[in-house]
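Protein sequence lines, in the order shown, are assigned to chains A and B. Heads up: the first sequence at position 66 corresponds to 616 in my numbering, and the numbers run straight through without jumps. Heads up: the second sequence at position 108 corresponds to 658 in my numbering, and the numbers run straight through without jumps.
Warning: the hint list may mix true and false statements.
No copy labels: a pair is met if it fits in one copy or bridges any two.
Below, in silico cross-link-like pairs of lysine to aspartate or glutamate (EDC-like), each with a Cα-Cα straight-line distance of 16 Å or less [as the list claims (entries may be wrong)]: (1) LYS605 - GLU566; (2) LYS594 - ASP628; (3) LYS554 - ASP635; (4) LYS554 - ASP654; (5) LYS603 - GLU663; (6) LYS554 - GLU649; (7) LYS656 - ASP635; (8) LYS554 - GLU587; (9) LYS643 - GLU552; (10) LYS568 - GLU593.
For the record, the hints were derived by calculation from the structure and aren't laboratory data.
Spelled out, the chains give:
Protein chains: 2
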Amino acid sequence: METKQVGEKLVSLCREGKNMQAIDELYSPEIVSVEAEVPQGMEKEMRGLDAVKQKNKWWFENAEIHSHSAEGPFVNGDRFAVLFDYDVTSHGKRTQMREVANYDVKDGKIVREEFLS
Amino acid sequence: METKQVGEKLVSLCREGKNMQAIDELYSPEIVSVEAEVPQGMEKEMRGLDAVKQKNKWWFENAEIHSHSAEGPFVNGDRFAVLFDYDVTSHGKRTQMREVANYDVKDGKIVREEFLS
């Protein structure tokens with residue numbers, strides 16, 4: 551798949567809340583994931599599918615998601631960006647989050663994701 | 551200036567339409583600028599302040615800007631992203647453009663800008 555197609559598939563799956571399926575289908579085993587703000591007890595940079603899945607599992611178990619949206623992809627070469635909005639309650643606190651994520655694609659798979667907030 | 555401050559200043563100047571002032575104040579002489587879609591007769595990647603200023607001059611001379619907005623910065627480490635919207639008429643055609651720009655900061659100056667659309 552080309553970068554744009556990978557981006558469209560990711561946006562489509564995230565809109566449906568199928569983030570784990572997106573990781574299974576679109577992420578490289580060598581994925582590097584870089585957070586903007588690090589939740590307590592977590593690393594800023596994670597490597598490998600297991601670590602990224604664990605992070606997502608933690609997120610979905612610890613956040614009540616009231617609404618979410620994904621806009622994009624915005625593409626340039628091997629990189630695409632997605633604009634995410636989340637309305638969540640986590641640890642008793644309700645927050646509206648808006649962030650940009652950059653994804654780098656190699657051989658049709660996402661090898662790096664980076665969140666900016 | 552830290553990355554977030556550089557981003558806030560850039561967003562503030564772009565909202566006022568002072569893009570040239572933003573380049574003068576915030577860009578490194580070694581700036582690298584990477585476009586998503588290349589206008590006719592232009593390079594996808596440009597280097598140096600003169601080339602980037604020339605590109606911006608061309609843009610402002612060839613586009614009638616009906617409205618514009620800039621949202622951000624979204625920050626992670628030495629990088630920040632900005633979401634731009636433009637309603638422009640260029641070569642007789644009116645277009646609504648929405649793009650994400652990534653900016654890399656080194657020693658308080660923007661050394662790389664990259665547009666995704």
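field: Violated hints, by number in ascending order, as checked against the structure
entry: 1, 3, 7, 9 and 10
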